[in-house]
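Enquirer: In order, the protein sequences belong to chains A and B.
Numbering follows this note's numbering, in which position 127 of the first sequence is assigned residue number 127; successive positions increment by one, without gaps.
Numbering follows this note's numbering, in which position 257 of the second sequence is assigned residue number 257; successive positions increment by one, without gaps.
Don't read these hints as lab results, they were simulated from the structure.
By construction, the Cβ of each residue, glycine as well, lies at the ideal position given by its N, Cα and C atoms.
The reader is advised that the hints may include incorrect statements.
As the list claims (entries may be wrong) - Here are some, though not all, of the chain B residues that point toward chain A, as calculated from beta-carbon distances under 7 Å:
1. Ala105
2. Glu144
3. Ile211
4. Pro223
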Amino acid sequence: MPDRPLPQPTPTSQPFWDGLRARRVLLQYSPSQDQWVYYPRNRAPGTLAGDLEWREVSGNGTVYTFTVARRPTAPAWAEDVPQLIAVVELDEGPRLTTELVDVEPDAIRIGMRVRPVFSDEGDVTLLRFAPAADA
Amino acid sequence: MGLRGTAAIAGIAEWKPQRRPPGPYQFSTEQWAELAKAALDDAGIDPREVDGICTGGLRESATFVPSTVAEYLGIPVNFAEFVDLGGATGAGMVWRAAAAIELGAASVVLCVTPSMPIPPAPGGRAQNSGLGASSGLWGSPQAEFDIPFGNVAQNAGYAMIAQRYAHEYGYDPRALAKIAVDQRTNACATPDAIFHGQPITIEDVLNSPMIADPLHLLEIVMPASGGAAVVVAAADIAKRGKNRPVWINGFGERLAFKTPTYAEDLMRTPIGPAANRAFEMADVKPADVDMVSIYDCYTITVLMTLEDAGFCEKGQGARFITEHDLTYRGDFPCNTHGGQLSFGQAGLAGGMSHVCDGARQIMRRAGDAQVRDCDTAFVSGNGGIMSEQVALVLRGD
């Protein structure tokens, strides 16, 4: 069984991954467009503005959508079903792909409040999400 | 603006999809040549009249694909397109061919999608990445931000679209299942369909294993092998061909994202703007079409395409499906070849099968699945995860 593929940071995305390793969620922000950006880019999507800067956010958000994958999505996840794959909408607006943890599959709801969970995997830290304490 | 409708599909060829073709296998270039010859014979056009090609990827040649094809065929061309739109590739080829012909850049364009296995390389097979349409190479956004969470290939993405749809508009599993059932009825009237002779019921669909909530096995397309080719020709050539010309009167194309996580509005699929443009260009309304052939990698794709292309109101897709008979003999014929769900999804030829389905109906060659007096067809293509979409409006005289 192949290993689960892990992200390899790029020069552009390195601050995001460094942030996660330090238990901080850093997002890019374009002051001229008042726009939060995910995933990391060298220019703001849409306008191609060149003023992206890193800002720390809470990492809190809501479940925008999810699925419970009963069959592995690829051979590397053969031992990991059910997979709780989700799209989380951060409070600042951007959506990201993630996995939900510390939750029963049947308890997941769209709109559920979630908090960031920092998962160290090898040299990188993945951003997963769990139900918020008040969810 | 747009096409005048002076280019037509003049010939088609399809290989019957197979789950595990026994071989011996041919290379992609060889398949290209076989399919091209079959479609030209179907049209009654001499290969020496060809002056344009549209091709997708070739398994054995990653780059310089069009010149490789032209050289292999021995056919110099004035127009060569490499089309990389996944399931929308076939429909994307056809409008590009029509546009080139109307511009005078070419007069006969081959659009070919070989999708059979190729011979195994000496010393062992290349390993499949298992990542489907996702790129795992360093620097690809999917490799860095999607694949590590198991958001790989297609099932999870479509399942998440369906879950969000359920949240916003409600979800009727029986209506979704009926899409697969009606299409299976069509496949049972189509001898080349992979599930010919195997009717199913709504209960069969709902009792099939849940793969990724809310998608059941029988709502998910089964990969197969096969191939398809379409010849697009200028009016004078099409009119002296063997078939009733299938005029390409309207098209639209829209793509804005690769991974649906980053869609601005996940509930408004790109087929909306693509279909609007195609209908407007052709001066046809959704109510005017005699049949639709809608890309059906999943049942949810059909439902959302019906809504976004304007066949029913947003959020009313399930009711529309329940109230209409989607079979070839029904009041809203949809995917009369069985759709990919029941005809088979042979790689890029799966998307092209919808073009062939529409063309075959207008040519009046659909046999037992023929829709009476079929003159106008709507065809959609959909690549990736509702990512890249193409609409065509096809008409007979």
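Enquirer: State for each hint whether it applies.
Expert: Evaluated hints:
1. For alanine 105 of chain B, the interface hint is violated, the least distance from its beta-carbon to any beta-carbon of chain A being 32 Å, above 7 Å.
2. Annotation: interface hint on glutamate 144 of chain B holds; nearest CB of chain A at approximately 4 Å, less than 7 Å.
3. The interface hint given for isoleucine 211 of chain B holds, since its Cβ lies 5 Å from the closest Cβ of chain A, which is under the 7 Å cut-off.
4. Checking proline 223 of chain B against chain A: minimum C-beta separation of about 14 Å lies over 7 Å; hint violated.
When held up to the earlier numbered hints, the structure conflicts with 1 and 4 and fits the remainder.
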